[in-house]
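S.K.: First residue of the sequence shown: -2, per my numbering; consecutive thereafter.
Treat the hints with care, as some may be off.
Cut-off 30 Å, straight-line C-alpha distance, at most; resulting in silico cross-link-like pairs (DSBU-like, lysine-lysine) [stated by the list, open to error]:
id : residue 1 : residue 2
1  : K39       : K104
2  : K39       : K66
3  : K39       : K92
Keep in mind that the hints were calculated from the coordinates and are not lab data.
Quick caveat: nothing in here was measured; it's all calculated off a predicted structure.
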Amino acid sequence: MPQITCTQCSQTIDANLISCPQCQATQGLDALAGIDPNIRIKNQKWAIWFGFLFGGLGLHKFYLGQYLKGSLYLVFSWTLVPFVVGWIDSIRTMKMSSFNFEQQYSKRAI
């Protein structure tokens, strides 16, 4: 777990804490905004385009972090079935609200 130094009391604390447990001082702009720097945000429009253009190769699945599904698309790409499924995935992604998209595909980096 990454450590930082509190700007007020100089105590070493976890980087993901919003405030220092000793002096209660808020830590950094990310902490004030409620942003977790370890979350990888995915772009919904890119996922849609990848699905339409390269859905048969599973590029949209690789982009969204679903490596096993992307590999299956790639292995069966010679059947042309993944191309149709890729288009269907793109339409589903297009109909999805941006909030639901972020909830489903924005994952915390390990």
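S.K.: The structure should be examined with respect to each hint, and the outcome stated for every one.
M.R.: Going through the hints against the structure:
The suggested pairing of K39 with K104 holds, with an alpha-carbon distance near 9 Å, which does not exceed 30 Å. Note on K39 and K66: the hinted pairing holds, with a Cα-Cα distance of about 17 Å set against a maximum of 30 Å. The straight-line distance between the Cα atoms of K39 and K92 is roughly 16 Å, inside the 30 Å bound, and the hint therefore holds.
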